[in-house]
Amino acid sequence: MSNLSAVEPPDNPARSNETGHQDHNLLELRGIRAAYERIDVLFGVDLVVPEASVVALLGPNGAGKTTTLRVAAGLHVPSAGDVLIAGRRVNGAKPEELARHGLCMIPEGRGIFPNLTVRENLRMMTYVGRSLAEIEEIAYSRFPRLAERRTQTAGTLSGGEQQMLAMARGMATEPALLILDELSMGLAPIIVAELYEMVAQVARSGVSILVVEQFASTVLGVADYAAIMVHGRIERAGRPDELAADLSKAYLGG
Amino acid sequence: MIEGQERVQQFKQEIAEMRVRDPATGRDRMWLRVGVVLMIAGLIVAGLAYPMSHGTTNPLSQNDALALGLGGLTGAVVGSALFVRYSVAGFLRFWLARLSYEQQAQTDRLIESLKK
Ligand SMILES: Nc1ncnc2c1ncn2[C@@H]1O[C@H](COP(=O)(O)OP(=O)(O)OP(=O)(O)O)[C@@H](O)[C@H]1O
Ligand SMILES: [Mg+2]
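In order, the protein sequence lines correspond to chains A and B. 160 is the number of the first residue of the first sequence in this note's numbering; add one for each residue after it. 10 is the number of the first residue of the second sequence in this note's numbering; add one for each residue after it.
A couple of the hints might just be wrong.
As the list claims (entries may be wrong) - Capping the alpha-carbon separation at 20 Å, the derived lysine to any residue pairs in SDA-like fashion look like this:
{"no.": "1", "chain 1": "A", "residue 1": "Lys253", "chain 2": "A", "residue 2": "Ser212"}
{"no.": "2", "chain 1": "A", "residue 1": "Lys253", "chain 2": "A", "residue 2": "Gly270"}
{"no.": "3", "chain 1": "A", "residue 1": "Lys253", "chain 2": "B", "residue 2": "Arg36"}
{"no.": "4", "chain 1": "B", "residue 1": "Lys21", "chain 2": "A", "residue 2": "Glu256"}
{"no.": "5", "chain 1": "B", "residue 1": "Lys21", "chain 2": "A", "residue 2": "Leu243"}
{"no.": "6", "chain 1": "B", "residue 1": "Lys21", "chain 2": "A", "residue 2": "Asp405"}
{"no.": "7", "chain 1": "A", "residue 1": "Lys253", "chain 2": "B", "residue 2": "Lys125"}
{"no.": "8", "chain 1": "B", "residue 1": "Lys125", "chain 2": "A", "residue 2": "Ser290"}
{"no.": "9", "chain 1": "B", "residue 1": "Lys21", "chain 2": "A", "residue 2": "Glu210"}
{"no.": "10", "chain 1": "B", "residue 1": "Lys21", "chain 2": "A", "residue 2": "Ser212"}
{"no.": "11", "chain 1": "B", "residue 1": "Lys21", "chain 2": "A", "residue 2": "Pro254"}
{"no.": "12", "chain 1": "B", "residue 1": "Lys21", "chain 2": "A", "residue 2": "Asp241"}
{"no.": "13", "chain 1": "B", "residue 1": "Lys21", "chain 2": "A", "residue 2": "Gly270"}
{"no.": "14", "chain 1": "B", "residue 1": "Lys21", "chain 2": "A", "residue 2": "Ala258"}
Don't read these hints as lab results, they were simulated from the structure.
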């Protein structure tokens with residue numbers, strides 16, 4: 160798989176052979192096939208997220224990006240292929256268990272409770288075994304804007320603030336692997352840039368990140384590696400600068 | 010970032026020790042299916058034995074039909090036993106988990122009230 164090796168750290172000459180090397184990949188998908196009601200949407204996806212790196216998964220509508228993330232988080236059972244986390248095959252692991260150990264997925268549409276206040280949304284995360292005070296500390300230190308709005312209902316926050324709240328909730332679990340789906344959905348470019356500044360900050364603290372975007376622009380600035388998905392397959396993978404040229408082709412169906 | 014390193018190390022450790030749903034539960038489901046199939050097949054075989062016996066005056070054939078009917082009955086009984094065993098097992102496990110959860114919650118509440 161030439162595609163696969165392209166996503167691996169260039170300073171590691173070992174190809175993805177059987178042993179040893181796997182430990183450097185926090186997440187690895189091998190030949191993933193997936194279907195909804197027998198309609199296939201993924202046709203053998205290979206994707207690698209090396210430790211302490213940011214990987215961007217790009218592609219047009221309906222390419223299967225969200226499905227790929229759901230498979231990685233244990234929310235969708237693949238019909239074939241393997242999901243490896245830290246070198247261990249975890250097919251069939253319960254999503255809540257993966258989440259408890261430190262895999263955090265922030266879904267498309269953010270997954271916050273619009274009728275609850277910022278504070279109440281954060282309080283929901285106390286199930287991870289931290290007090291509300293600790294969670295608020297984590298959240299407000301990363302996203303000071305939320306502190307000013309702690310009593311506002313989440314539904315009335317701006318789109319960018321809602322996305323911050325979603326990320327704050329995710330950070331409360333102290334994830335080791337963060338999976339983000341279309342962070343930029345419906346947001347102005349300036350806000351998106353601001354959010355990705357925070358993503359970069361999170362990445363610097365050692366969290367590995369897999370992020371899906373439909374449009375490349377901002378995400379390529381923070382990604383270490385990128386992959387382009389079209390029609391349920393990874394078309395190209397590599398360094399962001401290597402891919403920039405291929406991107407327009409992928410969207411135009413070339 | 011040493012702190013982040015530690016977190017990742019811990020994550021790897023926990024993932025390595027995590028209990029992934031083992032194929033055993035798949036085996037449970039297989040036995041459940043075997044039970045259902047046996048039950049139905051046994052009934053059909055037993056049912057077919059009657060016309061077989063009724064349609065002949067040859068005592069040898071009738072004995073065969075008798076044996077077949079008994080075999081069907083045995084299959085159905087064994088199938089039912091398998092079915093009950095594996096469907097109840099799943100239910101009991103769930104019930105036990107719930108019980109122990111409630112026990113835990115009860116204890117927590119007790120400790121909470123004692124603290125005051
Ligand atoms: N719950 C579902 N039931 C049936 N089909 C689904 C379901 N979810 C997704 N699909 C189909 O699977 C394909 C891939 O969907 P997916 O959501 O993974 O794409 P995507 O790349 O995330 O797209 P987008 O950029 O629009 O979010 C699409 O054709 C979609 O219609
Ligand atoms: Mg999607």
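Tell me if the straight-line CA distance from Lys21 (chain B) to Ser212 (chain A) falls inside 20 Å.
It holds: about 16 Å lies between the C-alpha atoms, which stays within 20 Å.
Keeping to a limit of 20 Å between CA atoms, is the pair of Lys253 (chain A) and Ser212 (chain A) held or broken?
Between Lys253 (chain A) and Ser212 (chain A) the Cα gap is close to 25 Å, so the pair fails against 20 Å, i.e. violated.
Given the hint that Lys21 (chain B) pairs with Asp241 (chain A), test it: the Cα-Cα distance must not exceed 20 Å.
17 Å, holds
Would you check the hint for Lys253 (chain A) and Arg36 (chain B), treating anything up to 20 Å between C-alpha atoms as holding?
Holds, because 18 Å separates the two Cα atoms, which is no more than 20 Å.
Below or equal to 20 Å on CA atoms is what counts here, so check Lys253 (chain A) against Lys125 (chain B).
38 Å, violated
Tell me if the straight-line CA distance from Lys21 (chain B) to Glu210 (chain A) falls inside 20 Å.
11 Å, holds
Between Lys21 (chain B) and Glu256 (chain A), does the CA-CA distance stay at or below 20 Å?
13 Å, holds
Lys253 (chain A) paired with Gly270 (chain A) [C-alpha distance capped at 20 Å]:
Holds, at about 19 Å.
Need the status of pair Lys21 (chain B), Gly270 (chain A): alpha-carbon distance at most 20 Å?
The given pair, whose Cα atoms are some 26 Å apart, is violated under the 20 Å limit.
CA of Lys21 (chain B) to CA of Asp405 (chain A), is that 20 Å or under?
35 Å, violated
Are Lys21 (chain B) and Ala258 (chain A) close enough, with their CA atoms no more than 20 Å apart?
13 Å, holds
Has the given pair, Lys21 (chain B) with Leu243 (chain A), been kept, meaning a C-alpha gap of at most 20 Å?
Within the cut-off at roughly 11 Å; holds.
Hints 1, 6, 7, 13 from the list above are not met by this structure, while the remaining hints are.
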